[in-house]
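Sequence lines, in order, name chains W and X.
Numbering-wise (my numbering), the first sequence opens with residue 105 and increments by one.
Numbering-wise (my numbering), the second sequence opens with residue 12 and increments by one.
Worth flagging that the hints you see were computed from the coordinates, not collected in a lab.
Don't take each hint at face value.
[To be verified] Here chain W is said to cover these stretches of chain X; the calculated rule only asks that three of the stretch's residues, wherever they fall, bring their Cβ under 8 Å from a Cβ of chain W: (1) 43-49; (2) 59-72.
[Stated by the list, open to error] Facing chain W, according to a computed beta carbon distance under 8 Å, are these residues of chain X, among others: (3) 30; (4) 33; (5) 40; (6) 149; (7) 152; (8) 168; (9) 170.
The beta carbon of each residue, even a glycine, is placed where N, CA and C say it ideally should be.
What follows is each chain in one-letter form.
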Amino acid sequence: MGFLEKQTDPTSPMHWRGDMQADYFYPSGVAGDKFFKHLMENDTFLVSKCTKCNKTYCPPRLYCEDCYVEIPNENWKEVPPMGRVKLYTVAKLNAHGKKLATPKIMALIDIEGTNSAMLGIIASGDIKKDFSGVKVKAIFRQKDMREGTIKDILYFEEI
Amino acid sequence: MVEKKEYKEWPPYAPGTYVRESDIRDKKITYTWWEPEVQYSWSLGQAMSKFLLGLKEGKIYGIHCKPCKRVLVPPRMFCEYCYGPTEEWIELPDTGIIETFSISYLDPDARRIEDPILVGVVDLDGTPPHHGFMHYFGEMTKDEIKIGMKVKAVWKPENEREGSITDIKYFKPLKGGGD
């Protein structure tokens with residue numbers, strides 16, 4: 105009995121199954137809020153430019169991360185949603201390790217007129233192609249469908 | 012190599028921006044909300060499985076450590092005093108005494124409540140002193156509950172039991188030496 109009674113069937117001990125509620129809430133912040141609210145109404149990106157070092161941020165920042173200078177409202181401007189592919193990778197598996205039906209091209213895109221890069225998906229079926237340095241443009245959701253999150257940018261398209 | 016910078020002017024103190032519940036509800040601010048699917052399956056092991064399946068049948072199982080002459084409840088496959096295997100299953104009565112208790116004005120989700128929940132450790136009869144498990148206490152008020160009080164388990168109806176510690180609803184005061 106007890107400990108000496110050998111167990112060979114791994115399914116026989118009881119398993120306690122459950123769901124853990126772990127909701128994730130991430131407010132965009134003061135600068136992020138302006139950026140997404142602007143994106144809901146317009147097809148351009150809102151960026152902010154440091155008064156001291158001229159570094160331009162997209163998404164915009166309230167403070168320059170290099171000089172710690174506060175960026176005033178007059179230094180905010182719009183840029184066209186275009187850029188060049190800096191880096192890219194082809195994903196064949198999803199976040200859970202399952203095989204994707206069609207591979208996804210994820211890229212870090214240098215936004216034109218800024219010193220920042222944004223992550224995005226490139227819509228293209230050609231996964232053999234070298235996308236480095238390719239000029240792309242953002243395609244947005246229909247204006248009435250936008251919800252003020254990064255998902256309002258559907259994908260980037262080669263120009 | 013990164014040059015070390017000397018910062019002479021620091022930005023002024025920024026008080027921060029508060030987010031109120033109404034801002035989220037009325038969609039005054041933009042945000043990302045995600046509900047990840049987090050499922051778990053916790054293997055209970057041999058001893059705990061037998062204990063919980065026993066509760067389903069209305070029985071409380073303990074296990075005996077012969078060298079230490081003590082009964083472990085909830086049962087374990089080895090004795091943490093002598094590290095020896097525990098060997099003999101025994102059925103314990105569903106009566107005992109309150110070892111310790113708490114009057115909780117917070118519910119399991121940490122919300123404030125008016126009527127307190129009584130929780131504590133039950134020391135079952137037939138087990139060594141100061142040895143028990145946690146459970147709810149019921150059919151008594153916060154003024155009546157006291158350490159050393161005799162209690163008896165109130166079980167769920169047999170068809171509602173599922174092999175969980177909550178198959179015992181709570182422990183009620185035992186009056187007149189048992190039934």
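Report task. If any of the earlier hints don't hold here, list their numbers in rising order. Result -> Hints 4, 6, 7, 8, 9 are the ones this structure does not satisfy, whereas the remaining hints hold.
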